[in-house]
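Under the working numbering, the residue at position 243 of the sequence shown is numbered 226, and the numbers go up by one with no gaps.
The set of hints was computed from the structure by calculation and includes no laboratory data.
Do not rely on the hints blindly, as some may be mistaken.
Here are the computed lysine-lysine pairs in the DSSO-like style, where the Cα-Cα straight-line distance is at most 30 Å [as the list claims (entries may be wrong)]:
no. : residue 1 : residue 2
1   : LYS218    : LYS105
2   : LYS368    : LYS124
3   : LYS38     : LYS238
4   : LYS349    : LYS105
5   : LYS220    : LYS302
6   : LYS38     : LYS220
7   : LYS349    : LYS47
8   : LYS264    : LYS247
9   : LYS166    : LYS195
10  : LYS323    : LYS264
11  : LYS47     : LYS29
12  : LYS302    : LYS317
13  : LYS220    : LYS121
14  : LYS331    : LYS247
15  : LYS368    : LYS177
16  : LYS124    : LYS264
17  : LYS247    : LYS132
18  : LYS331    : LYS349
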Amino acid sequence: MTQLFHHKIITLILIFAAMVSIFISHWAWAGTLTFSFNESVEMALKNNDQIRATKYDIDLSKAKLEQAHPKSIPVVKYEYRLAPVPQDIDNPADSFFGGDISVFNEVKVELGSALTTFGKIKTAQELAQLGINAAWFKRSKTTNEVIGKMYQVYEGIILARELLALAKQAQNALSDKIQDLEKEKIQDQIQILKLKVALFEIDRRVEEAQKKKLLAFEALKFQMGLVSDVNIDIKDKTLLPVNFQLKGVDYYLDKAHEYLPEFKLLATGLKAKEKQLALQKLDPAPNLGVGGFVDVGRAPAIRGAGDENNFTNPFNFTKAGLGFQLQGQFDYVKNRSQVKQAEADLLKTVYEKRAAVGGLELDIRKTYQDVVEAKRLMIKSEDEKKVARQLAFLTKSNADIGIGEKKDYYDTLQSYLVFQGRSFEAVYNYNIAVAMLKQKIGVFHDYQKRDSL
């Protein structure tokens, strides 16, 4: 009884612990999950369907390599036959149609293994290995593209928050200005209405920005592989330019040839065409193999002159054999045509690779110039913002000491907010341009720190 009582107590404790664990998990999941960019990428690497799908491309290529690498495992063929046969093999027709029949069973097993294919298996293995390499490069390409999209969305959310904060300041400034104008004895109704229209326009843009921010969060959750009803937030709150030292364009071209999956895919594709040509040239070579067979047939109650001969008896026999086989086929016209097709396909791939490499390099040069231009505009917008801020400070100081009008301060404050918004957009454009350059050279996967971009 005591043991049974203890067993029940332990069972109840385990059930209670499981219920508490489920409740805590549900409560934590129902809250807001906060991610840094690095953490969101880690989540995407585990859950993003596009990235996960590339794993099966790799598995498929590995299976093809296994198929091309038999490892001397013999091929087994088996056969079983069942049929009615005449018992009297000296008078088979009369015996069969007269109902004097027996049941014939035959089992045949053949085994064969290749000793050498004179280079064909080895070439096929090398071709399959190139397929595995290409699958890995495609995975890297997909991963870089997904991370690039996530970075744009992540930075876009920060930009939206900064602009919404500016819009809130603009709303407050316009509201204060409208209140001051309405307190005057002689009211400028046209000016008041213009300000109210401007305030309505800001309200409308704020609503649009809020919707876009929500959509951006949905896009980020989609890339992370999270369900839509999960609430998430990002840890970074301030939009700052990334820490990036721009080097010469040739440096990035060299890096691209070293790391970019697209370049590696082009090189792998060309090697695959070369292997296909080599395999086609080896097609007339013979295959040397060793094999054996066992063939057993049994039918009871067989009569006749040949029933004592185990080899010639058609229904009761045991046969076996072992030997070597050298087999091949030489079709000059067919093989010559297929070799020419493979050569033409190889030359076509050479020129396509050359054109694709030129296009990729041109794209890198363009992206490099985008970074240069984005940096110039960012510096320019920062200078404009500083001047606007100084002007707003001076007009406010003048208004405070009574030598200036509040109207001038409100106007300069609005100008400052506009330039501040342009500055945020310039920083965003610069960060994205840098990220695109990193992606174009195949090193965007170095995402451990946001500033490392």
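Notebook entry, point to check: Are the Cα atoms of LYS349 and LYS105 separated by 30 Å or less?
Noted result: Judged against 30 Å, a Cα distance of about 43 Å means the pair is violated.
Note to self: Tell me if the straight-line CA distance from LYS218 to LYS105 falls inside 30 Å.
What the structure shows: Given pair LYS218, LYS105 is violated - Cα atoms ~53 Å apart, limit 30 Å.
Item checked: Hint consistency between LYS302 and LYS317 [alpha-carbon to alpha-carbon, up to 30 Å] -> violated (39 Å)
Notebook entry, point to check: Does LYS264 pair with LYS247 here, judged by a C-alpha cut-off of 30 Å?
Noted result: holds (26 Å)
Notebook entry, point to check: CA of LYS323 to CA of LYS264, is that 30 Å or under?
Noted result: Holds - the C-alpha atoms of LYS264 and LYS323 are around 10 Å apart, at most 30 Å.
Note to self: Just to be careful, I want the Cα atoms of LYS331 and LYS247 compared with a cutoff of 30 Å; is the pair within it?
What the structure shows: The given pair, whose Cα atoms are some 18 Å apart, holds under the 30 Å limit.
Next item on the list: Take the C-alpha atoms of LYS124 and LYS264, compute the straight-line distance between them, and say whether it is at most 30 Å.
Entry: violated (33 Å)
Margin query: So if I understand the rule, the pair passes when the alpha-carbon distance is 30 Å or less; does LYS47 with LYS29 pass?
Written below: holds (26 Å)
Margin query: Holds or violated: LYS349 and LYS47, Cα atoms, limit 30 Å.
Written below: Distance ~39 Å between LYS349 and LYS47 Cα, so the pair is violated.
Next item on the list: Take a quick look at whether LYS220 and LYS302 sit within 30 Å of each other, Cα to Cα.
Entry: Measuring from Cα to Cα gives roughly 83 Å; hence the hint is violated.
Next item on the list: For the pair we were handed, LYS38 and LYS238, check the Cα-Cα distance against 30 Å.
Entry: holds (26 Å)
Checklist line | Given pair status - LYS220, LYS38, alpha carbons within 30 Å | finding: violated (35 Å)
Hint compliance for this structure: hints 1, 2, 4, 5, 6, 7, 9, 12, 13 and 16 are not met, and every other hint is.
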